[in-house]
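Chains as they are written, first to last, in our numbering: chain A, 1 to 245; chain B, 1 to 245.
No lab work stands behind these hints: they were computed from the structure.
Heads up, a few of these hints could be off.
Heads up, the list lumps identical chains together, so a pair's fine if it works in one copy or across two of them.
As the list claims (entries may be wrong) - List time: in silico DMTMM-like cross-link candidates among lysine to aspartate or glutamate, alpha-carbon distance up to 25 Å:
1) K30 / D75
2) K64 / D242
3) K64 / E32
4) K30 / D147
5) K64 / E241
6) K64 / D75
7) K30 / D20
8) K30 / E99
9) K64 / D234
10) K30 / D128
11) K64 / D84
12) K30 / E5
13) K30 / D229
14) K64 / D128
15) K30 / D242
Number of protein chains: 2
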Amino acid sequence: MTPLELFAVEGLPEVRPGDDLGDLICSHTKLETADVLVIAQKVVSKSEGRLRELAGVEASDEAKRIAPQLVAVPDPRFVQVVLDESVRVLRSQRVLITETHHGFVCANSGVDQSNVAEPGMVTLLPIDPDASARGIRQRIRDRCGVDVGVIVSDTFGRPWRLGIVNVALGVAGLPGLIDLRGTPDDAGREMHATVLAIADDLASAAGVVMGKTERSPVVVIRGLDLIGDGSGRDLIRPAAEDVFR
Amino acid sequence: MTPLELFAVEGLPEVRPGDDLGDLICSHTKLETADVLVIAQKVVSKSEGRLRELAGVEASDEAKRIAPQLVAVPDPRFVQVVLDESVRVLRSQRVLITETHHGFVCANSGVDQSNVAEPGMVTLLPIDPDASARGIRQRIRDRCGVDVGVIVSDTFGRPWRLGIVNVALGVAGLPGLIDLRGTPDDAGREMHATVLAIADDLASAAGVVMGKTERSPVVVIRGLDLIGDGSGRDLIRPAAEDVFR
Numbered sequence: 001m002t003p004l005e006l007f008a009v010e011g012l013p014e015v016r017p018g019d020d021l022g023d024l025i026c027s028h029t030k031l032e033t034a035d036v037l038v039i040a041q042k043v044v045s046k047s048e049g050r051l052r053e054l055a056g057v058e059a060s061d062e063a064k065r066i067a068p069q070l071v072a073v074p075d076p077r078f079v080q081v082v083l084d085e086s087v088r089v090l091r092s093q094r095v096l097i098t099e100t101h102h103g104f105v106c107a108n109s110g111v112d113q114s115n116v117a118e119p120g121m122v123t124l125l126p127i128d129p130d131a132s133a134r135g136i137r138q139r140i141r142d143r144c145g146v147d148v149g150v151i152v153s154d155t156f157g158r159p160w161r162l163g164i165v166n167v168a169l170g171v172a173g174l175p176g177l178i179d180l181r182g183t184p185d186d187a188g189r190e191m192h193a194t195v196l197a198i199a200d201d202l203a204s205a206a207g208v209v210m211g212k213t214e215r216s217p218v219v220v221i222r223g224l225d226l227i228g229d230g231s232g233r234d235l236i237r238p239a240a241e242d243v244f245r
Numbered sequence: 001m002t003p004l005e006l007f008a009v010e011g012l013p014e015v016r017p018g019d020d021l022g023d024l025i026c027s028h029t030k031l032e033t034a035d036v037l038v039i040a041q042k043v044v045s046k047s048e049g050r051l052r053e054l055a056g057v058e059a060s061d062e063a064k065r066i067a068p069q070l071v072a073v074p075d076p077r078f079v080q081v082v083l084d085e086s087v088r089v090l091r092s093q094r095v096l097i098t099e100t101h102h103g104f105v106c107a108n109s110g111v112d113q114s115n116v117a118e119p120g121m122v123t124l125l126p127i128d129p130d131a132s133a134r135g136i137r138q139r140i141r142d143r144c145g146v147d148v149g150v151i152v153s154d155t156f157g158r159p160w161r162l163g164i165v166n167v168a169l170g171v172a173g174l175p176g177l178i179d180l181r182g183t184p185d186d187a188g189r190e191m192h193a194t195v196l197a198i199a200d201d202l203a204s205a206a207g208v209v210m211g212k213t214e215r216s217p218v219v220v221i222r223g224l225d226l227i228g229d230g231s232g233r234d235l236i237r238p239a240a241e242d243v244f245r
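The shape of chain A in the complex, shown without the other chains (with noise of 0.2 Å):
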């Protein structure tokens, strides 16, 4: 088997809105068909303006009721960019773990304030990230031919386990999971509840290389056949089938 390969695009500029994230790519890499691009949400975020400015911001009761709750003790008008983003608040005890409109389990929203070059500023979730991803993957198409898959990953938290890990938001061009179940196990038995998060597998991959203060938010991954059409909607557990919402 061909090993896998991974590596960061480097020299990519400072993000800003209105930038062409796919223009980027293809003017700092050579990309070939298959490849799969995970970028991070950051960097799709600031090209597509998702950037709020907290000056702007009026704090409502619940958001300064929240505020000291919380271990950091954010600016009350952090946390209410936060509700702002979010449809449910799941703990706001310690941390803000809150559902967003897209139905992600995370904590703030995803709403941050790391890594923004402008104070005050904040970054929010894209609106739709299947839609970030699927506007890069078409872009790359268009500047230089080649059909790569696309993931937008963040790093998320995770109930029971420390550290953050890299996952994917948004999905186009590959599969988001893999359904193995009815397929035999090497001994021939099917095998049960085994559907692999390919896409959260390959963020995280791609974590591993991106770290967090390199400024690699765009890394290729080379040597999948993965071809598929995915989405990172996919990976997001229906709040019904869910024993832990």
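On the provided structure of chain A, position chain B as indicated by the hints.
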């Protein structure tokens, strides 16, 4: 930056109790210093004889009560083995989520019937996956004179997200977490709450290569510079800090 390379160790035989995994790996691939080996728990458990035969198990009333509540309606003796491996049951409706004696929260205490050659046998998690990782690391150093990192991995489901991902149960020779708190982000601001679960990201990366039925239980990750002294225990969120336990 040199690319990260991942490949499976090919041609390994079916592993049996008493097999020397370090020796098997050394004789099937040429390792380099600082390689990280990710080894599926199942072959570690098999080599350590962590198997149980359902025929010798007597199901308790609790196991008989739980079994019909689960989606797959398992053999109550299987449920009994799961209970024997657990210190606490978190959910027993539709799925059986337990806390193992190690502190892992996962389905069925990690007990598994798939990919076991002998019918009626199940695999249990290693008693001490960190000790397993350390033992294999030591054996590889003795046998082929290279210092590698070792991760013993298993696939876990997650709340809120569908599909399983590979995670690190045991770690030796590399860090489990990388703590970036207090280091500045790209804009010079202190980063809060940024502890990377690097061993989990690496396990996930290997999960892409392992597939599930491909019989590639050992994956080599090359190109890292991650020497360290971590453990799988580092990745377990203490129950007292866990807002979802």
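We went through each hint and held it up to the structure:
| no. | hint | in the structure |
| --- | --- | --- |
| 1 | K30 / D75 | neither (43 Å within a copy, 54 Å between copies) |
| 2 | K64 / D242 | between (30 Å within a copy, 24 Å between copies) |
| 3 | K64 / E32 | neither (50 Å within a copy, 55 Å between copies) |
| 4 | K30 / D147 | within (12 Å within a copy, 34 Å between copies) |
| 5 | K64 / E241 | between (33 Å within a copy, 24 Å between copies) |
| 6 | K64 / D75 | within (9 Å within a copy, 52 Å between copies) |
| 7 | K30 / D20 | within (17 Å within a copy, 43 Å between copies) |
| 8 | K30 / E99 | neither (38 Å within a copy, 47 Å between copies) |
| 9 | K64 / D234 | neither (35 Å within a copy, 34 Å between copies) |
| 10 | K30 / D128 | neither (27 Å within a copy, 45 Å between copies) |
| 11 | K64 / D84 | within (14 Å within a copy, 47 Å between copies) |
| 12 | K30 / E5 | both (14 Å within a copy, 18 Å between copies) |
| 13 | K30 / D229 | within (23 Å within a copy, 37 Å between copies) |
| 14 | K64 / D128 | neither (29 Å within a copy, 46 Å between copies) |
| 15 | K30 / D242 | neither (42 Å within a copy, 44 Å between copies) |
Hints 1, 3, 8, 9, 10, 14 and 15 from the earlier list are contradicted by this structure; the remaining hints agree with it.
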